[in-house]
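Modelling step: build the complete structure from the supplied sequences, incorporating the hints.
If you want the building blocks of each chain, they are given just below.
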Amino acid sequence: DGGITQSPKYLFRKEGQNVTLSCEQNLNHDAMYWYRQDPGQGLRLIYYSQIVNDFQKGDIAEGYSVSREKKESFPLTVTSAQKNPTAFYLCASSILGAHQPQHFGDGTRLSIL
Amino acid sequence: GESVGLHLPTLSVQEGDNSIINCAYSNSASDYFIWYKQESGKGPQFIIDIRSNMDKRQGQRVTVLLNKTVKHLSLQIAATQPGDSAVYFCAENLSTGGFKTIFGAGTRLFVKA
Numbered sequence: 001d002g003g004i005t006q007s008p009k010y011l012f013r014k015e016g017q018n019v020t021l022s023c024e025q026n027l028n029h030d031a032m033y034w035y036r037q038d039p040g041q042g043l044r045l046i047y048y049s050q051i052v053n054d055f056q057k058g059d060i061a062e063g064y065s066v067s068r069e070k071k072e073s074f075p076l077t078v079t080s081a082q083k084n085p086t087a088f089y090l091c092a093s094s095i096l097g098a099h100q101p102q103h104f105g106d107g108t109r110l111s112i113l
Numbered sequence: 001g002e003s004v005g006l007h008l009p010t011l012s013v014q015e016g017d018n019s020i021i022n023c024a025y026s027n028s029a030s031d032y033f034i035w036y037k038q039e040s041g042k043g044p045q046f047i048i049d050i051r052s053n054m055d056k057r058q059g060q061r062v063t064v065l066l067n068k069t070v071k072h073l074s075l076q077i078a079a080t081q082p083g084d085s086a087v088y089f090c091a092e093n094l095s096t097g098g099f100k101t102i103f104g105a106g107t108r109l110f111v112k113a
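Note that the protein sequences, when read in sequence, are chains G and U.
Heads up: the first sequence is residues 1 to 113, going by the working numbering.
Heads up: the second sequence is residues 1 to 113, going by the working numbering.
Honestly, the hints are just simulated from the structure, not real lab data.
Only true hints are included.
30 Å max Cα-Cα, derived DSS-like pairs, lysine-lysine:
1. 100(U) / 71(G)
2. 83(G) / 14(G)
3. 42(U) / 57(G)
4. 57(G) / 71(G)
5. 42(U) / 14(G)
6. 56(U) / 112(U)
7. 100(U) / 57(G)
8. 56(U) / 71(U)
9. 42(U) / 83(G)
10. 57(G) / 71(U)
11. 56(U) / 42(U)
12. 71(U) / 100(U)
13. 83(G) / 9(G)
14. 57(G) / 14(G)
15. 100(U) / 42(U)
16. 71(G) / 42(U)
17. 70(G) / 42(U)
18. 100(U) / 70(G)
19. 100(U) / 83(G)
20. 83(G) / 57(G)
21. 42(U) / 9(G)
22. 9(G) / 100(U)
Pasting the structure below:
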């Protein structure tokens, strides 16, 4: 089955620690995205990538970093500079183009210890 | 379950009734709209989409209506079932000057058996 796999489902971070969230897709999509979801709010874009080895900041990129070394993988690192990292993180992918829906993984819940 | 969806508008319907979920979008230049369904602990699932050159589109048990004059989008679910209980949110795509998708906060649908 084609889809997007995020791991782990739950992740805990200690103060001063960087953590990396995994996102893999086998849909052969060129575009991939990372969103943060907080209670009662719409999804907010952290980073996106439209092609391998290239990515752009979204609306809330501070304290996060990404890489896109392979088409199917787009890991997100939450650095210690992100002061409020507790949230539900969603990865998505899509065919390139303005009129294409995004397909989402089942998310990673990050909490501070 | 996830805390996504706290403090959202809620709609409660009886099983078998029709549901109408509304969304006001923000940008008159948006030209593509999507409805997503998000169940507790899961990522959003694509339901249906519509382009700005249309005012109605039907799927299986779902219909999306677009009123560009008042920047309003609605999702109608026919014969609502318990499995339809979830958070529903709309998204609008701006294709001018690059990529931009704006997500609404969502509406929680409860289906009473």
